[in-house]
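*Asks:* Residues per chain are reported as follows:
Number of protein chains: 2
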Amino acid sequence: MSDIVPHMLIRSAEQRPNKTAIVFQSREITFAELRKYAEKTAQKLAAAGAGQNIHVAVLAQNSASYAIITHALSLLRSVLTPLNTRLSREECLWQLRDCEATILICDEIFAETGKFLAEQLPDVRILYMSGAQAEADLFAELPEAAVELFTEYDSEAIQAIMYTSGSSGKPKGALITYGMHWWNAAASALNIGVYPDDAWLANLPFFHIGGLSILMRSVIYGMRVIIHEKFDPDAANNAVAEDRATIISVVAITLRKMLNALPENSNFPPWLRVVLVGGGPVPETLLQECLRRGAPVCQTYGLTESCSQAVTLAPQDALRKIGSAGRPLPAVQLKILQNGKETAPGKAGEIFLKGPTITKGYYHLEDLNASVFQNGWFGTGDIGSRDDEGYIYIHDRRADLIISGGENIYPAEIEAALLSHPDVADAGVCGIDDEEWGKVPAAFIKLREGAILTATELQDYAAQRLAKFKCPRKIIFTDEVPRNAAGKLLRRRLTELLPP
Amino acid sequence: MSDIVPHMLIRSAEQRPNKTAIVFQSREITFAELRKYAEKTAQKLAAAGAGQNIHVAVLAQNSASYAIITHALSLLRSVLTPLNTRLSREECLWQLRDCEATILICDEIFAETGKFLAEQLPDVRILYMSGAQAEADLFAELPEAAVELFTEYDSEAIQAIMYTSGSSGKPKGALITYGMHWWNAAASALNIGVYPDDAWLANLPFFHIGGLSILMRSVIYGMRVIIHEKFDPDAANNAVAEDRATIISVVAITLRKMLNALPENSNFPPWLRVVLVGGGPVPETLLQECLRRGAPVCQTYGLTESCSQAVTLAPQDALRKIGSAGRPLPAVQLKILQNGKETAPGKAGEIFLKGPTITKGYYHLEDLNASVFQNGWFGTGDIGSRDDEGYIYIHDRRADLIISGGENIYPAEIEAALLSHPDVADAGVCGIDDEEWGKVPAAFIKLREGAILTATELQDYAAQRLAKFKCPRKIIFTDEVPRNAAGKLLRRRLTELLPP
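So the protein lines, in turn, are chains A and B. The first sequence lines up with residues 436 to 935 when you count with our numbering. The second sequence lines up with residues 436 to 935 when you count with our numbering.
Check the hints yourself; a few may be wrong.
No copy labels: a pair is met if it fits in one copy or bridges any two.
To be verified - With a straight-line Cα cutoff of 30 Å, these simulated DSS-like cross-link-like pairs (lysine-lysine) come out:
#, residue 1, residue 2
1, Lys756, Lys776
2, Lys903, Lys874
3, Lys471, Lys770
4, Lys782, Lys665
5, Lys665, Lys692
6, Lys454, Lys782
7, Lys770, Lys795
8, Lys903, Lys471
Hints are computed from structural coordinates only; laboratory data are not their basis. All of these numbers come straight from a predicted model, not from anything done at the bench.
All chains, full assembly: derive it from the sequences and hints.
*Replies:* In structure tokens, the structure reads:
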């Protein structure tokens with residue numbers, strides 16, 4: 436039986452009408468205004484065809500408008516599909532088709548891409564936001580319908596379809612419900628607390644769960660969020676110092692940049708009470724510097740499929756448990772299996788998760804859903820272990836995953852693009868270390884006999900098909916891509932073959 | 436679909452093994468010990484026949500052992516039925532039969548009552564706790580079974596059947612699920628916060644939801660609770676001052692007594708951060724004194740059926756909204772209906788509640804369940820209104836309800852007992868003001884022609900059938916009990932007929 440709770444934007448607007456909900460570009464929007472704008476936007480989107488279970492894609496930078504649209508869609512119980520703004524046009528097209536969106540909303544920056552997509556998808560209605568500072572009337576050209584809006588969240592209803600890289604080479608749309616958001620917000624509150632003066636900096640993109648979940652927590656807690664278009668170290672430091680952000684979500688690389696941008700001999704202010712660091716372990720030197728300079732680091736391990744945080748390390752354990760992602764959140768169960776059996780402490784295995792914050796599956800991928808769940812436990816594909824005290828260590832993200840500046844990249848997707856070139860006989864992709872991004876993709880290429888193709892030519896070819904961050908930084912021509920007898924790519928061998 | 440979360444005692448024991456879970460009679464029990472004791476107790480109860488969906492009644496004063504049994508039953512997924520220790524033997528008998536308990540657990544104090552009940556109910560197995568300070572082995576005479584214990588809470592599973600007074604004259608067993616506890620704990624956390632140093636004083640009886648819910652919050656939050664056998668003003672003040680309780684749950688009368696017991700010119704310490712006051716409005720003079728003496732009062736309105744708090748007033752609103760019970764908790768929806776329509780601000784009507792903290796119904800009272808819910812909304816029978824800002828004012832508990840020192844009394848139950856006397860022709864009961872208890876019951880009695888019966892004789896007769904707090908304090912003999920043409924008792928008329 437699904438749980439029905441109040442629509443939390445309406446609730447927050449009723450109980451904290453004059454409290455600031457959103458800070459964006461030095462402007463403030465109260466919860467009462469946010470509700471008013473979201474309701475108006477909902478009526479306009481309804482006039483454009485949005486409604487219950489209608490899939491609406493959004494291709495836009497972070498903005499207050501993006502937040503308003505997110506809540507407007509929840510008032511209609513339409514399903515939000517946020518598109519990664521770094522995708523190539525071809526990738527956008529593929530996702531729009533895959534999620535069966537009938538409406539696409541673009542901001543000004545992506546107007547050109549919108550036009551291209553509109554031509555390709557004549558059945559998809561494309562809407563353009565009315566530009567900056569137009570929150571009060573986001574779609575000036577649209578009439579308002581007079582539909583009845585939903586005043587409740589249904590825990591089982593789908594709030595969003597969030598695409599994540601797929602090991603098959605195609606992204607998968609993880610189903611995110613209102614219940615997942617609620618439970619995650621509650622579990623996070625029990626874990627790191629909620630204080631009346633809390634403000635969460637949202638500079639992670641809303642097309643990632645780490646960003647989107649902040650918007651939902653904002654209305655569930657009645658909490659201020661500071662929205663940035665994108666990560667910028669000076670702006671982020673300023674959000675803490677001037678806008679008094681108390682919680683920030685970062686990855687190691689962005690945290691490093693924030694520290695570097697901080698004036699020497701200057702520390703983070705005392706109200707910064709939680710620095711949630713996702714996307715892999717924090718190097719010890721960085722951790723030490725954080726603690727010295729007033730950044731209370733909470734390492735965390737989460738997935739799109741777990742609606743952000745699933746495991747979090749408390750700041751007081753940061754030094755005692757270096758390298759650990761912490762312990763499962765209150766509502767989350769975690770087990771580590773090898774050959775179907777739970778591993779002993781210290782022994783690695785695949786991490787399985789269970790709980791109301793975990794996705795029920797991927798959009799229309801029933802075969803995959805059947806294989807990824809075992810008795811209600813979700814197999815993450817990530818490798819980890821736990822110590823005697825139950826602290827979790829992540830050894831390796833899904834074997835073949837490349838994490839580049841917080842973005843997940845599946846080599847299979849890049850290989851598929853490279854293999855589509857007529858001169859490429861075989862291709863294998865792996866991650867190589869990069870000082871700035873952590874990892875970047877590199878490709879081993881076997882050319883067809885007699886073919887002449889330069890690395891630059893192949894990179895240009897890839898750039899037309901793939902998001903920039905997925906394009907191989909390095910091309911290594913080889914006589915043979917290592918495969919086993921069955922023809923399966925030996926991806927780990929590639930790493931060994933890398934030139935020093 | 437039900438939500439599955441970890442068994443929260445196990446989780447707290449894993450994550451905070453050495454933290455104090457329970458303080459009782461100057462002894463401390465850690466979460467690891469609480470888990471160990473609860474597991475051992477579960478195995479012993481299993482040996483005595485407890486198991487999934489087995490109904491186990493408990494007749495005992497508050498104690499650490501009571502908490503252990505509560506968690507032991509949750510490990511077996513047995514259903515706890517806490518009996519009100521103030522009930523008469525006949526009332527206990529009735530409830531045991533009604534809830535179909537097959538096991539009854541008594542503490543030493545209620546051993547005599549246990550013996551009586553055992554004779555009456557040969558099919559019910561009676562177990563006696565091993566006495567004070569025996570937490571490590573509560574049932575010394577029982578063997579341990581080796582059954583598999585539940586390691587999860589299922590949100591839809593019944594944790595307890597809690598009896599509440601029924602307007603029909605018979606108590607009703609409200610079904611309390613794990614989900615109700617979880618959502619209530621989460622909503623309360625979002626509302627009044629959870630801090631690492633929190634400790635909740637549990638001196639409300641565990642047979643009331645206000646007491647029981649503290650035990651569940653303790654393991655959901657990983658929070659220390661200080662258990663008192665019963666309310667005592669000096670002990671309560673001491674729990675705050677010495678044991679550093681940060682949250683206490685009181686009713687106006689117990690709060691008054693705590694203030695009176697506090698040395699003059701002395702205030703509550705600053706760590707007392709929430710004083711939750713239920714059971715009706717707090718008089719303004721009391722409120723003023725509380726604020727002056729450092730008791731941050733949060734008035735609240737709750738029911739057994741809402742798993743304690745449903746509406747709570749924040750301390751900062753206490754003076755601005757005198758007399759209000761506050762606003763609905765995050766997960767709770769509230770509406771006020773008169774003749775099926777929502778009332779305007781300031782206009783009174785019946786209070787309806789909806790949300791995952793609200794009961795699904797009463798044990799085996801399907802007809803009542805069908806009538807008490809309207810489209811998923813639970814009709815409380817209580818009368819209230821809301822102001823322009825959405826603050827709720829409770830005008831009157833269920834028209835015929837007498838609240839005496841925090842206990843709910845239904846006149847119909849007393850009338851039924853009085854009418855069973857052969858000399859009584861008619862009876863009508865209402866509440867009269869009482870300085871100590873708020874209200875106490877008074878009875879209008881019409882004797883049969885020629886009968887001679889004194890007030891004391893009738894009170895003695897009632898005392899054999901009813902809990903002491905339900906016995907009429909005052910008997911008023913009258914020629915006629917006011918009834919309408921259809922014979923319906925005009926209960927409000929009784930109040931007017933009271934001698935000044």
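*Asks:* Could you run down the list of hints and mark each one as holding or not?
*Replies:* Each hint tested on the structure:
1. In the homo-oligomer, the alpha carbons of Lys756 and Lys776 lie at most 30 Å apart inside one protomer (25 Å), although the nearest pairing across protomers, at 58 Å, exceeds that limit.
2. With identical chains, the CA atoms of Lys903 and Lys874 are at most 30 Å apart within one copy only, with a shortest distance of 14 Å there and 75 Å across copies.
3. In this homomeric assembly, Lys471 and Lys770 come within 30 Å of each other (Cα to Cα) only across copies, at 22 Å, whereas the closest approach inside a single copy is 44 Å.
4. Taking the shortest alpha-carbon separations for Lys782 and Lys665, neither the intra-copy value of 39 Å nor the inter-copy value of 49 Å comes in at or below 30 Å.
5. Within a single copy, Lys665 and Lys692 get their C-alpha atoms as close as 14 Å, which meets the 30 Å cut-off; across copies the closest is 57 Å, which misses it.
6. Proximity of Lys454 to Lys782 under the C-alpha cut-off of 30 Å is restricted to the inter-copy arrangement: shortest distance 28 Å between copies versus 49 Å within a copy.
7. In the homo-oligomer, the alpha carbons of Lys770 and Lys795 lie at most 30 Å apart inside one protomer (18 Å), although the nearest pairing across protomers, at 33 Å, exceeds that limit.
8. In the homo-oligomer, the alpha carbons of Lys903 and Lys471 never lie at most 30 Å apart, since the shortest distance is 38 Å inside one protomer and 55 Å across protomers.
When the structure is compared with the earlier hints, violations turn up for hints 4 and 8 and for no others.
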